[in-house]
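**Student:** Chain by chain, the residues:
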Amino acid sequence: MPRLGELERSVMNVLWDAAAPLTVREVLDALGERDLAYTTIMTVLDRLGGKEMVRRERDGRAFRYAPALTRDAATSELLHAALDEAGADRTAALVHFARTVDPAEAQALRAALDEIESRTSQ
Amino acid sequence: MTPVLLGLIGLALALPVPALLARASWPFRSPAAGVVLWQSLALAAVLAISGAALSTALWLVTHDRLTWWRVALHLTILAIGVLVWARFWWAAWHVWHETATRRRRHRELVDLLGEPHGALPAVRILAEQTPVAYCIPRRRDARVVISRGTVEALDDASLQAVLEHERAHVRIRHDLVLEAFGVLHRAFPRPLRTDAPLRQSQVLVELMADDAARKVTGDGPLARAIVALAGGVTPAGALGAGSAAQVRLDRLCDDTPHRWWPAALSLTISAVVLVAPTVLLAVPWMLHAWHTLTT
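First to last, the sequence lines map onto chains A and B. Just so it is clear: in the first sequence, position 33 is 33 by the working numbering, and no numbers are missing. For the working numbering, count along the second sequence from 1 and bump the result up by 1000.
Bound-form chain A, shown alone:
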């Protein structure tokens, strides 16, 4: 469901930009002009809660929602996982296009590239 995924991203951005925890109504208002149902936003917040991205706290008779981690923390968790190349014992959860090389190797790679480029440009 691409639309729901897209909505999750928008809702998360609203929560990240907010100074304090928001109610469902406040999230709906912040999303603006779109004709979204109140229950849709509740579903999205539930889903985000299931993914441990959003915390729910009781405020009187309503619930307020806050990000479980800041945008910076989420970004650094993502980058850490993406760039963590240590540990040959770990299985490849992510399949990288290229891994980093040391300077000597980088030079050897450039030399090989020149050879390929000169051949293909002939």
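Keep in mind that a hint or two might mislead.
Claimed, not checked - Pairs of lysine to any residue, SDA-like flavour, derived with a Cα cap of 20 Å:
1) A:Lys51 / B:Arg1140
2) A:Lys51 / B:Arg1102
3) A:Lys51 / A:Ala74
Unchecked claim - Listing some non-contacts, in silico: residues in chain A with all C-beta distances to chain B over 12 Å:
4) Ala20
5) Leu31
6) Thr40
7) Arg55
8) Arg61
If you are wondering where the hints come from, they were derived from the structure by calculation, not from laboratory data. If you're wondering where the values come from, they're calculated on a predicted model, not measured in any experiment. Even glycine gets a Cβ: it sits at the ideal position worked out from N, Cα and C.
Chain B: place on chain A using the hints.
**Tutor:** Below, chain B without anything else, positioned relative to chain A:
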């Protein structure tokens, strides 16, 4: 005689053969056959060692006179066998579960932080300058992740080569190959374990994805992409010798015509190592059975 022979074959397939094969460069010339070869070696080693244990256990109790120590030894060997099998499946489950959990979490983060690519639904672009390009495999809904830095570092053709490469990983389910070797790597008893099968299959899988990409974009853009993305970042830590990037570029440089023999050699060795232990185990047993039936 059979148990000893099987044991020796098993040990050879577990240690010296992978070490020797890891130094050869010919399997890189036909990566798909190379993957089959490494899978066969691993499977054959497991079969031979299991066969050695099983035939020893059976030999102990098929003697004319059963003594208590024969029965005790028989039961001990069977118990160890059961333990090794249990450990293997436990490791398999553990690797699968851990990988799936890490992938799911990563995919959720990417979906929240990455910008969808207009034309390609599986692609997400991260607002980061560090050039990264990778895929998060999954049966449905896999993700290909690139960063702004990657988009800026590459020309259009090279970017296309990267995307084709990643899509090939996703399409041909290379993660299954890597997971299988990950399981074997963890499940093998430590004294019998080498890094070679896992490392080599990682490289071979890259070569297969490269072949898919160069069919679309040609060699030049792919080579430029490999160099741009491998050299752009400062090394995060100590890295093993013989990087995949070098092997991949060497392969793109190599303009000798495609030869049939590397594939044929890989497949022949695969067949031999798989069939030999089975024949060694099966034939004496069939002869034995025939002998018992006819007398």
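**Student:** A cut-off of 12 Å on Cβ-Cβ distance, and A:Arg61 was said to be off the interface with chain B. Does that hold?
**Tutor:** At about 29 Å from chain B, A:Arg61 clears the 12 Å cut-off, so the statement holds.
**Student:** Beyond 12 Å from every Cβ of chain B: is that where the Cβ of A:Thr40 lies?
**Tutor:** Correct as stated: the minimum Cβ-Cβ distance to chain B is 17 Å, above 12 Å.
**Student:** Quick one, are A:Lys51 and A:Ala74 close enough, alpha carbons at most 20 Å?
**Tutor:** holds (13 Å)
**Student:** Can the restraint linking A:Lys51 and B:Arg1102 be considered satisfied, given a maximum Cα separation of 20 Å?
**Tutor:** Roughly 13 Å between the alpha carbons, so the hint for A:Lys51 and B:Arg1102 holds.
**Student:** Compare the distance between the alpha carbons of A:Lys51 and B:Arg1140 with 20 Å, and conclude whether the hinted pair is satisfied.
**Tutor:** Distance ~19 Å between A:Lys51 and B:Arg1140 Cα, so the pair holds.
**Student:** Per the stated criterion, does the least C-beta distance between A:Leu31 and chain B lie above 12 Å, as a non-interface residue requires?
**Tutor:** At roughly 15 Å from the nearest Cβ of chain B, A:Leu31 sits farther out than 12 Å, so the non-interface label holds.
**Student:** Since A:Arg55 was said not to touch the interface, does its Cβ keep a gap of more than 12 Å from each Cβ of chain B?
**Tutor:** Since the minimum Cβ distance to chain B is about 15 Å, A:Arg55 lies beyond 12 Å and the statement holds.
**Student:** Just want to verify: A:Ala20 was marked as not at the interface with chain B; is every Cβ pair farther apart than 12 Å?
**Tutor:** holds (20 Å)
The structure fails none of the hints (numbered hints given earlier).
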